[in-house]
Amino acid sequence: QSVLTQPPSVSGAPGQTVTISCNGGSSNIGAGYEVHWYQQLPGRAPTLLIYDSHNLASGIPARFSGSKSATSASLAITGLQADDEAEYFCQSYDRSLDGFYVFGTGTKVTVL
Amino acid sequence: QLHLQESGSGLVRPSETLSLTCAVSGVSLSSSSPSWTAPSWAWIRQPPGKGLEWIGYIYSDGSTYYLPSLRGRVTISADKSKNQFSLKLTSMTAADTAMYYCASLGVSNWFDPWGQGALVTVSS
Numbered sequence: 005q006s007v008l009t010q011p012p013s014v015s016g017a018p019g020q021t022v023t024i025s026c027n028g029g030s031s032n033i034g035a036g037y038e039v040h041w042y043q044q045l046p047g048r049a050p051t052l053l054i055y056d057s058h059n060l061a062s063g064i065p066a067r068f069s070g071s072k073s074a075t076s077a078s079l080a081i082t083g084l085q086a087d088d089e090a091e092y093f094c095q096s097y098d099r100s101l102d103g104f105y106v107f108g109t110g111t112k113v114t115v116l
Numbered sequence: 433q434l435h436l437q438e439s440g441s442g443l444v445r446p447s448e449t450l451s452l453t454c455a456v457s458g459v460s461l462s463s464s465s466p467s468w469t470a471p472s473w474a475w476i477r478q479p480p481g482k483g484l485e486w487i488g489y490i491y492s493d494g495s496t497y498y499l500p501s502l503r504g505r506v507t508i509s510a511d512k513s514k515n516q517f518s519l520k521l522t523s524m525t526a527a528d529t530a531m532y533y534c535a536s537l538g539v540s541n542w543f544d545p546w547g548q549g550a551l552v553t554v555s556s
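As given, the protein sequences belong to chains H and C, one line each in that order. Per the numbering used here, the first sequence starts with residue 5, numbered consecutively. Per the numbering used here, the second sequence starts with residue 433, numbered consecutively.
Hints were generated in silico from the structure; no laboratory data involved. Beta carbons are placed, not taken as given, at the ideal position from N, Cα and C, and that holds for glycine. Don't take each hint at face value.
Within a straight-line C-alpha distance of at most 30 Å, the following computed DSBU-like cross-link-like pairs (lysine-lysine) qualify [unchecked claim]:
1) H:Lys72 / H:Lys112
2) C:Lys482 / H:Lys112
3) C:Lys482 / C:Lys520
4) C:Lys482 / H:Lys72
Which residues of chain C face chain H? A few of them, derived with a C-beta cut under 7 Å, are [unchecked claim]:
5) Glu448
6) Tyr491
7) Leu499
8) Gln548
Just chain C, with the same shape it has in the complex (with noise of 0.2 Å):
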């Protein structure tokens, strides 16, 4: 069963840069599966009292997708020997304030498991 759990700093200074992590379990990120069939591995925030926000994804071959408006700033990445991928994004301030979570993203493009969720606050 697949299985995703976030990791990382919850609280960033403003003007610094956030690190997540997400472990996943109970697939390989190198798995052999065909790349057309393998899932992508994204990040999605969430304000609080707000709505859902995606920022970006990984897929299987590595390339990442990102929301436009936060291009320049964020960056996933993929450790496949640890069997996690990351998001780090540059330049946080108090809008970036939110629940933070990983998810897989399947070729059909819904987004299925999540993770439980990182709160990160943006505080001197």
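Next up, chain H with everything else stripped away, as it sits in the complex (with noise of 0.2 Å):
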């Protein structure tokens, strides 16, 4: 039941950019509540890539960034790398039903 959509790909060439956008709603990311984004390589477990939409987790190169707006967010990838080739998701909370966390449809993002 994701109520945060994002596009199902987004693709480009080595040392381009590449942004995937994470929209939600009024009771989530535009309540105020913070957006996290996470990569997944494949065949492997969801890795934490960008926390409190735009702060950088360990180890991950200043080559992804993210923002966010009133009820959206986005992941930016610039100098895009064969190794970026992956699933992205976008994660939040959503205060309806009585609160649950929710991640994003997921984007792949594929290297040319």
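Mind docking these for me? Both chains are given alone in their own frames, and the hints should help you get the complex.
Here it is as structure tokens:
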């Protein structure tokens, strides 16, 4: 029951910049809850990429950046590299139905 | 360094109960740290080829919080003596087939780290 919507896929050539959107609503991002981003490499568990909208997790290169606006958030990858090819998920909290954690629908990044 | 490892039944028959355990190393579930600073312990699942779904978590004081659509079927508990926490999900159906992950939920509401995952298949 994802209430955070992401584009199914984005692609770019090595060195280019790709941006992934995460669209929520008034009960999650719009209510002021923070957004976090995860990277899931093929066949692996997700790992924390960005927390609190724009802070890089430990060991994450500055090629990754995040931002948040009213009811949405974005993840940008600059200087795209082959090992950035993965699935990316946003995550927040939703205060409806007594509250629950919610993930985005996921975006597959393909490096051309 | 905090590390989590899932274990449990990989094949569950329809209508039966899933039981998974997550062993925690690197931090004690019996930590004397104030409850508002201690992490919570969560379960998340991912059906094959699909997105992530939060199942629930257990707080340091033992209170539990579950995804509304799973309430009544799910129980998360902790065994501090074994430094592990567990998931039970009853009345399993094919729709519950997924990779099940345990994770640490920090006070700032992100999940880090995650276990490697346990694949659970519901089939007769």
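The hints, checked one at a time:
At most 30 Å may separate the alpha-carbon atoms for a hinted pair to count; Lys72 (chain H) and Lys112 (chain H) meet this at roughly 20 Å. At roughly 11 Å between alpha-carbon atoms, Lys482 (chain C) and Lys112 (chain H) fall within 30 Å of each other, so this suggested pair holds. With a C-alpha separation of about 22 Å, the suggested pair Lys482 (chain C) and Lys520 (chain C) falls inside the 30 Å cut-off, and the hint holds. A hinted pair counts as satisfied when its Cα atoms are at most 30 Å apart, and Lys482 (chain C) with Lys72 (chain H) qualifies at roughly 25 Å.
Taking 7 Å as the C-beta cut-off, the interface hint given for Glu448 (chain C) is violated, the closest approach to chain H being about 24 Å. For Tyr491 (chain C), the suggested interface contact is broken, since its CB lies about 13 Å from the closest CB of chain H, more than 7 Å. Because the smallest distance between the Cβ of Leu499 (chain C) and any Cβ of chain H comes to about 5 Å, under 7 Å, the interface hint for this residue holds. For Gln548 (chain C), the shortest C-beta to C-beta distance to chain H is roughly 5 Å, which falls under 7 Å, so the interface hint holds.
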